[in-house]
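Visitor: Got chain A sorted already, so can you dock chain B onto it with the hints?
Read top to bottom, the protein sequences are chains A and B.
Here the first sequence is numbered in my numbering, starting from 1 and rising by one per residue.
Here the second sequence is numbered in my numbering, starting from 1 and rising by one per residue.
Since the hints were made in silico from the structure, they are not lab data.
Just to be clear, a hint being listed does not mean it is correct.
Stated by the list, open to error - Below, a sample of chain B positions facing chain A; criterion: calculated Cβ distance under 7 Å:
hint, residue
1, I3
2, Y5
3, W6
4, F11
Stated by the list, open to error - Computed spacing ranges between beta-carbons, pair by pair:
hint, chain 1, residue 1, chain 2, residue 2, range
5, B, Q117, A, L18, 47 to 55 Å
6, A, E14, B, D47, 30 to 38 Å
7, B, Q111, A, L18, 53 to 61 Å
8, B, D47, A, M1, 49 to 57 Å
9, B, D47, A, K3, 49 to 57 Å
10, B, E43, A, L18, 16 to 24 Å
11, B, S108, A, K3, 46 to 54 Å
12, A, K17, B, D47, 26 to 34 Å
13, A, M1, B, R129, 24 to 32 Å
14, B, R8, A, M1, 21 to 29 Å
15, B, R8, A, L11, 48 to 56 Å
16, B, W14, A, D19, 16 to 24 Å
17, B, K130, A, R5, 56 to 64 Å
Said to hold, decoys possible - Quick list of in silico lysine-lysine cross-link-like pairs, DSS-like style, CA-CA up to 30 Å:
hint, chain 1, residue 1, chain 2, residue 2
18, B, K16, B, K2
19, A, K17, B, K16
20, B, K2, A, K17
21, A, K3, B, K113
The beta carbon of each residue, even a glycine, is placed where N, CA and C say it ideally should be.
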Amino acid sequence: MRKARNGLAALAQEAMKLDPFSGALMVFVGGGSTR
Amino acid sequence: MKILYWHRNGFALWHKVIGKPPEVSLAAAARAIGSDTDAEQLEWLLDGYDIWTQPHEMLRFFTRHEAVMLYPVVGAVYYTPCPPYRALQVCWIRTPSLPARLKVSEESLRQLKQAHQLLQTEHRHTLERKMLLEEEVRFLKDYIYGRSSEKLPGVGVSPDQKMLFNEAEVLAAIEAAEAAEAQRATTVAAHERQKRPHSGGREAIPAHLPRVEILHDLPPQDKWCTHEFEGCVGQRTVSSVR
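The following block holds chain B by itself, in its conformation from the complex:
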């Protein structure tokens, strides 16, 4: 549906596509729109109501409680019954068609508002009472089954909660932790290490190779000493000089 109108200084075009095909033919509805169609009727039309013949039925969600409370006041409302054991079961309420709904008189509307207000007050009081009773039950349960010792329980106390008078315990705990840390021995898994072949210096000559000793000696006439001591030749120099 498109609605065209001149708005101050230009055309305004309003476009709506209804998701679900309405029961009323929009074409017929548009033909029937006359100068006496007011804004509310136009709204209904855009909602998919046929404002001249048979309007849509409106489905609404209610809890069973609400349904029971609404039922006696708005006489035309009926609801699909819910299992009685599910007090908060959600029910469909098929509200009557639009004109019928609009026929709710001032008197019944007033009654409805009054009933609603009453229920709200009652509900608030019930909630307060329920909270009080729950608190009482909790206290009594704690009184009967809870621990009687004044020792603070480990559970229920936040780990961030610091204690006031436990310096000695804290210090002892720190000491114990430090001692445990000092005594802690680290076990390393044993493993074999292979000697690396070329690690530092020249590799030794294999033992199986033959050793040949070559002695380079001087002829006897060259063996003389500047000290002119006969005994020098063939002796270790340093020791003989001394």
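Same shape as in the complex, but just chain A:
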């Protein structure tokens, strides 16, 4: 859970093949169960 807006946007674009500018909510969850 160390990635911020740029890292997460890149993750969405590269790994998930999604458009981060589409306005959709992208939910990221950490390995632990609380975050």
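Guide: For chain B alone, coordinates are given in the frame of chain A:
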């Protein structure tokens, strides 16, 4: 859990850390989120509910009164029984899981609202009645046990409360206080004071030292007087001149 989205002109990042580990794995929950997940379901997820399998049980505080009133309407609610002698004992009510709670029908909801309204009205009336009765009890107690004299009691009257017709008493009190003040004598503790050795002037010569008187006299030829009176010599001048 982090939620990333594009908000008009920049990325918005929403971050929540759930204090207590939820029973549902958030990772599994996030994988299951699809385009059909609506805002309410997302709220539940953030509250720690597993919206697909087994939601959390919700614990709520109720007074026993409320519990008894809720019990017959919402059939699934059960509560830990409280001692009957403590009417306002706080009880845990373990409400049923979320879907079960959501299955409360319109009819039972209406009944619940009706019962609530009824209780509120009843409660208000009871409070008013209670106040009236308390006032009555207070009055009667005062009537039976209170003092019958019209003399104003010392207690219960505020010290700031001024009396209307007691000028004479006030003046007398002031006079008495002034007299007492005038007669008051201050007692000072007695103490010995040692004479300070060098207080003003030269210290006297100790008495044990010898005294020697030295007389400086003139020879007889020098003893003459301008007045040419024989009797002047050896006399006190002033008295003899007169």
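Visitor: Give a verdict on every hint.
Guide: Status of the hints after comparison with the structure:
1. Taking 7 Å as the C-beta contact cut-off toward chain A, the hint placing B:I3 at the interface holds, the least distance being around 5 Å.
2. Here the hint on B:Y5 is kept, as its CB sits about 5 Å from the closest CB of chain A, short of 7 Å.
3. This hint holds: B:W6 has a C-beta 5 Å from the nearest C-beta of chain A, less than the 7 Å allowed.
4. Restraint check, B:F11 versus chain A: the minimum CB separation of about 4 Å is within 7 Å; hint holds.
5. Checked against the hint of 47 to 55 Å, the C-beta distance between B:Q117 and A:L18 comes to roughly 50 Å, which is consistent with it.
6. Between A:E14 and B:D47 the Cβ separation comes to about 31 Å, which falls inside the hinted range of 30 to 38 Å.
7. The given range of 53 to 61 Å is broken by B:Q111 and A:L18, whose C-beta atoms sit roughly 48 Å from each other.
8. A beta carbon spacing of about 19 Å between B:D47 and A:M1 contradicts the range 49 to 57 Å that was offered as a hint.
9. Taking 49 to 57 Å as the suggested C-beta distance range, the pair B:D47 and A:K3 does not conform, at roughly 24 Å.
10. The supplied range of 16 to 24 Å is met by B:E43 and A:L18, whose beta-carbon atoms lie about 23 Å from each other.
11. As the Cβ distance of B:S108 to A:K3 is approximately 47 Å, the hint placing it in 46 to 54 Å holds.
12. For A:K17 paired with B:D47, a C-beta distance near 30 Å keeps the hint of 26 to 34 Å intact.
13. In this structure, A:M1 and B:R129 break the distance hint of 24 to 32 Å, their C-beta atoms being roughly 59 Å apart.
14. In this structure the hint that B:R8 and A:M1 lie 21 to 29 Å apart at CB holds, the actual value being about 25 Å.
15. A hinted range of 48 to 56 Å is violated for the C-beta pair B:R8 and A:L11, which are about 22 Å apart.
16. For the pair B:W14 and A:D19, the beta carbons lie near 19 Å from each other, so the given range of 16 to 24 Å is met.
17. For the hinted restraint 56 to 64 Å between B:K130 and A:R5, the CB-CB distance of approximately 60 Å keeps it satisfied.
18. Between B:K16 and B:K2, the direct Cα distance comes to roughly 6 Å. Compliance with the 30 Å bound is thereby established for this hinted pair.
19. Distance hint between A:K17 and B:K16 is fulfilled; the C-alpha atoms sit about 25 Å from each other, no more than 30 Å.
20. Taking the CA atoms of B:K2 and A:K17, the gap is near 18 Å; set against the 30 Å cutoff, the hint holds.
21. Between A:K3 and B:K113 the alpha-carbon distance is near 48 Å, which puts this suggested pair outside the 30 Å criterion.
In this structure, the earlier hints numbered 7, 8, 9, 13, 15 and 21 are contradicted, and the remaining ones agree with it.
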